[in-house]
Amino acid sequence: DVKVTQSSRYLVKRTGEKVFLECVQDMDHENMFWYRQDPGLGLRLIYFSYDVKMKEKGDIPEGYSVSREKKERFSLILESASTNQTSMYLCASSFHLQGGKTDTQYFGPGTRLTVL
Amino acid sequence: KNQVEQSPQSLIILEGKNCTLQCNYTVSPFSNLRWYKQDTGRGPVSLTIMTFSENTKSNGRYTATLDADTKQSSLHITASQLSDSASYICVVKHSGGGADGLTFGKGTHLIIQP
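Protein chains in written order, with the working numbering: chain A, 10 to 125; chain B, 2 to 115.
The set of hints was computed from the structure by calculation and includes no laboratory data. Take the hints with a grain of salt, since some may be wrong.
[To be verified] For the chain A half of the interface with chain B, some residues (derived, Cβ under 7 angstroms), not all of them: (1) Gly51; (2) Leu52; (3) Phe57; (4) Val61; (5) Leu99; (6) Thr111; (7) Thr113; (8) Phe116; (9) Gly117; (10) Pro118; (11) Gly119.
[Said to hold, decoys possible] Listed below are the simulated SDA-like cross-link pairs for lysine to any residue, each with C-alpha atoms no more than 20 angstroms apart in a straight line: (12) Lys22(A) to Gln94(A); (13) Lys107(B) to Ile69(A); (14) Lys64(A) to Ser76(A); (15) Lys64(A) to Gly97(B); (16) Lys66(A) to Gly102(B).
Even for Gly, the Cβ is constructed at its ideal location relative to N, Cα and C.
Here chain A stands alone, though its shape is the one from the complex (with noise of 0.2 angstroms):
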């Protein structure tokens, strides 16, 4: 069974902090994601990586940045968490589509991150 596992299931920082969310998944899949979700606006893309230390940005990259130094991690940073950023944070991954192989999404278990 493929696994995407988060390193939180639950935070809570303050303003300014320096926050870090880990998403490690075992299924050798080239393509990773982060997305947030919030009630009434569905999931939104904020970066994804097709590649180790390649990254893309997503639809709203402002205020996170990402790092991919190994295939099957890959860390969402908020260098100054506000408010504004409480949401509930969900990791994916998933192959490229080819050969065969489909590119269904494997979603973590979600972080719900609080700044207070």
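Fit chain B to the supplied structure of chain A, relying on the hints for placement.
Here is chain B on its own, set in the frame of chain A:
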């Protein structure tokens, strides 16, 4: 602009009843359409993925349909169970896009009452 609209926003039905959730999209050119189930406090889990040539796909009591001409999909749940209570998210991928070429619907929140 690529959009995915889901209806209804929320739905309450009695255990054992059937229900149908709708997804309309304007994504073009189309690659595939996915339905995900998201339990409260959990990440979404894939139910089905359908390409242009597929118009029906089943996964247990879940049956998804796709009409690529009218750009509509539905998810039918048969003999609902309490464990079906969740949000159901429709996601459409456009061809030619990279791994990020996905447009997410806002989901339908389904509640099954005993």
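Against the structure, the hints:
{"no.": "1", "hint": "Gly51", "in the structure": "holds (4 angstroms)"}
{"no.": "2", "hint": "Leu52", "in the structure": "holds (5 angstroms)"}
{"no.": "3", "hint": "Phe57", "in the structure": "holds (5 angstroms)"}
{"no.": "4", "hint": "Val61", "in the structure": "violated (14 angstroms)"}
{"no.": "5", "hint": "Leu99", "in the structure": "holds (5 angstroms)"}
{"no.": "6", "hint": "Thr111", "in the structure": "holds (6 angstroms)"}
{"no.": "7", "hint": "Thr113", "in the structure": "holds (5 angstroms)"}
{"no.": "8", "hint": "Phe116", "in the structure": "holds (3 angstroms)"}
{"no.": "9", "hint": "Gly117", "in the structure": "holds (5 angstroms)"}
{"no.": "10", "hint": "Pro118", "in the structure": "holds (5 angstroms)"}
{"no.": "11", "hint": "Gly119", "in the structure": "holds (5 angstroms)"}
{"no.": "12", "hint": "Lys22(A) to Gln94(A)", "in the structure": "holds (10 angstroms)"}
{"no.": "13", "hint": "Lys107(B) to Ile69(A)", "in the structure": "holds (16 angstroms)"}
{"no.": "14", "hint": "Lys64(A) to Ser76(A)", "in the structure": "holds (8 angstroms)"}
{"no.": "15", "hint": "Lys64(A) to Gly97(B)", "in the structure": "holds (18 angstroms)"}
{"no.": "16", "hint": "Lys66(A) to Gly102(B)", "in the structure": "holds (12 angstroms)"}
Consistency with the previously given hints fails for number 4 only.
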